[in-house]
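The listed protein sequences correspond, in order, to chains L and S.
Just so you know, we're using this note's numbering here: the first sequence kicks off at 1 and counts up by one.
Just so you know, we're using this note's numbering here: the second sequence kicks off at 1 and counts up by one.
Hints are computed from structural coordinates only; laboratory data are not their basis.
Fair warning: there could be bad hints in the mix.
Listed next, the in silico DSS-like pairs over lysine-lysine satisfying Cα-Cα at most 30 Å (straight line) [to be verified]:
id: 1; chain 1: S; residue 1: 173; chain 2: S; residue 2: 105
id: 2; chain 1: S; residue 1: 123; chain 2: S; residue 2: 105
id: 3; chain 1: L; residue 1: 4; chain 2: S; residue 2: 103
id: 4; chain 1: L; residue 1: 233; chain 2: S; residue 2: 148
id: 5; chain 1: S; residue 1: 103; chain 2: L; residue 2: 233
This one's a predicted model, so the numbers in the text were calculated from it and none came from an experiment.
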Amino acid sequence: MKDKFILLVALVVVFVINLFADKLDPYFHTIIIFVGINIILATSLNLINGYTGQFSLGHAGFMAIGAYVSLGLSTYFAPVFNSMFGTGSIGTSVTFLILMLIAGLSAGIVGLLVGVPSLRLKGDYLAIVTLGFAEIIRVSIQGMDFIGAAQGFRGVYIYDNGIRSLEMLPDVTGIGYKFYSVPSYTDFFWVFAMTAICIFFVNNLMNSTYGRAFVAVKDDEVAAEAMGINTTKFKVIAFVSGAFFAGVAGSLYGHFVTFVTPEDFNFLRSVEILVMVILGGMGSMIGVVIAAVLLTILPEVLRGVSEYRMIVYSLLLVILMLTRPQGLFGVKLLKSKK
Amino acid sequence: MYVNYGAIKAIRGINIQVKEGSIVTLIGANGAGKTTTLRTISGLIKPASGKVIYCNEDITNLSADKIVQRGISQSPEGRLIFSNLTVLENLEMGAYTRKDKYKLKDDLEFIFHFFPRLKERLKQYGGTLSGGEQQMLAISRALMSKPKLLLLDEPSLGIAPLLVKTIFEQIVKLNRETGITVLIVEQNAYLALQNSNYGYVLETGELIIEGDAKELIQNEEVKKAYLGG
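Could you put together the complete structure from these sequences and hints?
The following block contains the structure:
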């Protein structure tokens, strides 16, 4: 009960702050939005890598699925959404909520398809499979013309006779058309409402019997299996839940920048999220949240030393890993006596 | 029953029987296939051919979690406890497959009756326990699923001799008081046979001798090979 109350308070606080969000400097506003999206990505990856101990390197792939599904639907079916829910603030909120849900579900379903066969693999093998999967997603999108292929996707022309095209058609004359750009639905409220829900979900999951099963699978798979825990099932549950929130984060990201290319979801993005989880401490909620905030802000702070920025950033990571290998807030894991 | 690890034939046609309510020991040297036999029974490994029959039911192809639900519970070799869960949480994991509304308190009382030492350690992390305590925890955790058949893999491995004695005493007590069937795999042949009803001797995947535990201790061959003359 108490945690539901906290969630409710968090949502109200976010809603109130949102009323003043447009007074913010746009630069800071952008950074804050990215902080929120990165918290969602890092906490959901923490569920897979940190708590359950399955090394996934494909989080950007799920994010890409969420982003492209959401952006594609919101433009190709813009007239449908508009006529169903209207274009008022409540109407767009409902539309966005549905889009995020579909984005999350699509990523979750793909997560299930990837997870069921590959989660029987362990450690390095799983990392390679998930990495390969994310690259397949990215390369596939590069080949899909209807969502902009490698050029990226910003919106679609819809002609009165129903033709949909990314470019203006030169040989079509006399037919009315309208350009539907990717709607910029994402604002402070949605990002942090979703962040709160994501943290609430992961936290509750970890405090349930499911959570203990996750830790058991991470600690010792053989023992967990001997206890009658279906280890593959729990690994898949963690993987699919993580993928769902990555999809939601992708949707939030897409409707904020309103222009996405496959390169936004490359290997480096996956690594970036992974670094947040490792830096914060595998399996530590508070640590991962703080790491997500720090690592989003740090590159901006370091803009002052422009050309040395990435060197300083990498150096900080190396120093931190040498001095605190378990991460900022991570707990040193106990090894069983063998 | 035949079990292969890839191309390696680990178990080459053995036939063992565990009578309800008895304590049965499986002894043999390293690599004889003792652990493999246990893991096959509990469904962690699938045999190449042969069957595992339990209470007149063929459970050979059931998954490990289904087998636990049937009432077979294993305490794995090397005390594979969950180091990053507390003793209490470890015990709760043991009750994971139970569908009935059980009373945790009653179950804990039951466990403390046999292993009172765990009571003091309830909030401690599994990884901080001593070897003997970890073994007690592993056995207790296996008991939490209320099994009818308890499989113990090397309960004496790497534990102080005094504690080994205590653990075996408790196993016998458990068997007497609850009628639970126990199948023990041991290298400490003398101690194991002393505390059981029936014994099997495995050598490189084959069964060489079987018989009443009391007789096996007297058996010349067993004496020579496993009991130190």
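Now for the hints, and whether the structure bears them out:
1. Taken as a hint, the residue 173 (chain S) and residue 105 (chain S) pair is honoured in the structure, with Cα atoms around 21 Å apart against an allowance of 30 Å.
2. For the suggested pair residue 123 (chain S) and residue 105 (chain S), the alpha carbons sit about 15 Å apart, so the restraint of at most 30 Å is met.
3. For the suggested pair residue 4 (chain L) and residue 103 (chain S), the alpha carbons sit about 27 Å apart, so the restraint of at most 30 Å is met.
4. Using a Cα cut-off of 30 Å, the hinted pair residue 233 (chain L) and residue 148 (chain S) holds, with the two alpha carbons roughly 26 Å apart.
5. Taking the CA atoms of residue 103 (chain S) and residue 233 (chain L), the gap is about 26 Å. The hint holds against a cut of 30 Å.
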